[in-house]
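Undergrad: Spelled out from the first residue to the last, the chains are:
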Amino acid sequence: MRRPITVRVVGPLQWIVYPALTAIAVTVLLAIPLRLFGLSLPEPVLPIVLAFAWPLIRPSMLAPAVLFGLGLFLDLFWGGPLGLWPLSLLAIYGAILLAANFLAGQATIVLFALYVASTGMAFFLAYMITTLSVGNAPSILAVMGQVVPTLLLFPLADWLIQRFDDTDVRFR
Amino acid sequence: MAFRDGPFENLKVPLAWTAAVVVVVGLVGAVMLLLGDSRETQNVDGYAPVRAGFEAGAAPVGGVLSAPVRWTGNAVDYVKGYFFAVSENRRLRAQIVELNAWRDDALALKNVNARYEQMLGVKTEPPVAMVTGLAITDARGPFNQARLLNVGAAKGVRIGNPVLSEHGLVGRIVGASAGYSRMLLLTDVASRTPVLVERTDARAMLTGDGSGSPRLDYVRGAGSVQEGDRIMTSGDGGGFPRGLPIGVAAKGVDGTWRVKLFSDRTAIDYVRVLLFQDFSLLADQNALNAPALAGLSTAPPPTPAQAAAIQDVATRRAAAAAATAERVRAANAAPPPAPVAATTPSTTPSTTPSTTPSTAQTTARPAAVRPATPQPRPAAPRPTTPPPAAAAEAEPTPAGAAE
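In order, the protein sequences belong to chains U and F. Quick note on our numbering: the first sequence kicks off at 628 and runs consecutively. Quick note on our numbering: the second sequence kicks off at 2 and runs consecutively.
Just so you know, the hints here were simulated from the structure itself, not pulled from any lab data. You may find that some hints are simply not true.
Stated by the list, open to error - Coverage of chain U stretches by chain F, computed from C-beta distances (three or more under 8 angstroms per stretch; other residues unrestricted):
| no. | stretch |
| --- | --- |
| 1 | 680–694 |
| 2 | 732–744 |
To be verified - Sample of chain F residues lacking proximity to chain U, with all beta carbon distances greater than 10 angstroms (derived):
| no. | residue |
| --- | --- |
| 3 | G82 |
| 4 | R92 |
| 5 | L245 |
| 6 | A251 |
| 7 | G256 |
| 8 | A293 |
All residues carry an ideal CB built from backbone N, CA and C; glycine is no exception.
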């Protein structure tokens with residue numbers, strides 16, 4: 628007698644919608660004006676993790692649309708110019724999507740190097756856009772204060788890729 | 002029949018292409034959004050309704066999340082108050098002793114200042130109303146440093162209002178909806194604040210760059226800024242009242258002058274929004290830039306009474322001008338003066354002073370008796386009559402009398 632097998636369907640809800648909602652929730656949580664011993668909470672750009680991991684999991688039409696929405700959320704929530712983070716996040720997604728065939732199955736250290744490069748590219752874009760729009764360059768130290776917490780989120784991106792990576796060759 | 006065994010086994014799913022199309026569309030949309038966003042002018046923001054709507058939804062969430070933090074902080078302060086009561090009492094006593102001297106100085110200076118203001122007729126600024134608010138969310142990144150406050154337009158908060166903490170200026174309002182407002186911190190990369198150095202009265206521009214200590218730009222003159230100088234708002238441009246404390250000057254690691262903010266001492270939790278109206282907003286810029294007398298073309302037509310008064314004044318002026326012209330014409334039409342008068346030195350003073358000095362003295366007006374007095378330079382007689390042009394304008398009676 629065969630035992631029934633529970634088939635767990637992994638759809639966009641699991642690997643796109645839930646992570647996006649989690650990113651929004653954590654961003655709101657980290658925006659609490661809490662200050663302990665003179666230090667504030669870190670403010671990483673959480674959607675960068677998703678913009679890096681999603682094209683490596685599988686191509687999707689929904690993912691870039693959700694990334695655009697996440698970028699808009701960041702701009703509205705943080706009070707920045709509209710379009711700043713949608714542009715930066717989609718630039719990461721597009722670049723990784725183009726190189727996805729070469730990145731599939733790479734070692735974690737290679738992925739981390741790519742994550743660093745992607746984060747650097749996103750912040751460089753944001754830096755240039757801000758400098759051009761307000762005519763004043765942000766402090767490099769302040770930029771590093773946001774880049775470093777974002778880089779420390781790489782384990783999340785790696786976990787997402789390992790968890791949802793679809794090796795179906797039809798997506799390659 | 003399984004899917005992979007069917008005719009679609011070798012089908013190449015173009016998901017990567019469709020995703021790329023969405024990416025390109027999103028990039029174009031983001032660029033359009035960026036181009037449409039204008040942060041240069043504080044009064045014109047095309048996305049203001051979108052921002053206001055979003056903040057109206059996000060602010061309650063932030064308020065709920067920040068409430069436990071606030072309660073925890075209050076509880077910690079409450080407990081600390083018990084444990085550190087003795088040491089705090091000693092510290093406060095020492096502070097009172099120090100402040101008593103300052104209080105006496107302040108009262109004396111206030112008295113003197115009031116007398117000076119009275120003597121000079123200085124028009125002091127009226128007291129500015131304030132609204133107390135609470136910071137709900139906090140953006141601390143390098144590209145945006147802003148806070149959401151739980152007071153909005155319903156309480157009189159308007160764009161441009163300065164915001165203070167218990168220690169000094171922290172920012173200004175850049176967006177206001179009915180119940181919430183967004184405050185741009187002094188440290189934001191888009192923040193510019195005209196300031197002055199208290200010691201030298203030198204002016205500078207406080208420019209945020211996302212770091213904790215904003216930069217002092219456009220500092221002029223050697224020695225105008227020194228380490229430890231107090232920096233405060235200058236009030237130039239009308240955006241802020243003069244004299245709001247900001248911080249102290251310090252040399253940054255990059256060699257530029259920076260300001261250690263007073264508001265950085267503690268968490269910015271409760272803030273006061275000054276309901277200060279920007280001077281530049283009081284004036285209608287279009288009206289100021291309008292050409293002179295432009296209002297004449299848009300003024301309503303005069304009423305019959307006004308028209309009659311205008312006509313009356315115009316008639317009187319025309320009659321007066323005609324009378325004056327008639328008098329001048331009559332003076333010009335009069336016959337030339339008698340020959341005796343023509344030979345007098347009054348009409349040709351420069352040609353015959355030395356030949357007929359006695360005649361000149363006899364025919365001149367009483368005022369011309371002056372040459373009879375001892376003159377150090379008799380060779381340079383002064384004309385005793387006005388010039389011919391002035392004579393033509395004068396009363397014609399002397400010529401008529403000669404006739």
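Undergrad: Evaluate each hint against the coordinates.
TA: Hints, verified against the model:
1. 680–694: Holds, because 9 residues of the stretch 680–694 of chain U bring their Cβ atoms closer than 8 angstroms to Cβ atoms of chain F.
2. 732–744: violated (count 0)
3. G82: At roughly 18 angstroms from the nearest Cβ of chain U, F/G82 sits farther out than 10 angstroms, so the non-interface label holds.
4. R92: holds, 19 angstroms
5. L245: holds, 22 angstroms
6. A251: holds, 15 angstroms
7. G256: With a cut-off of 10 angstroms, F/G256 remains clear of chain U, as the shortest Cβ separation is near 14 angstroms.
8. A293: Given a closest Cβ separation of 35 angstroms, the condition holds.
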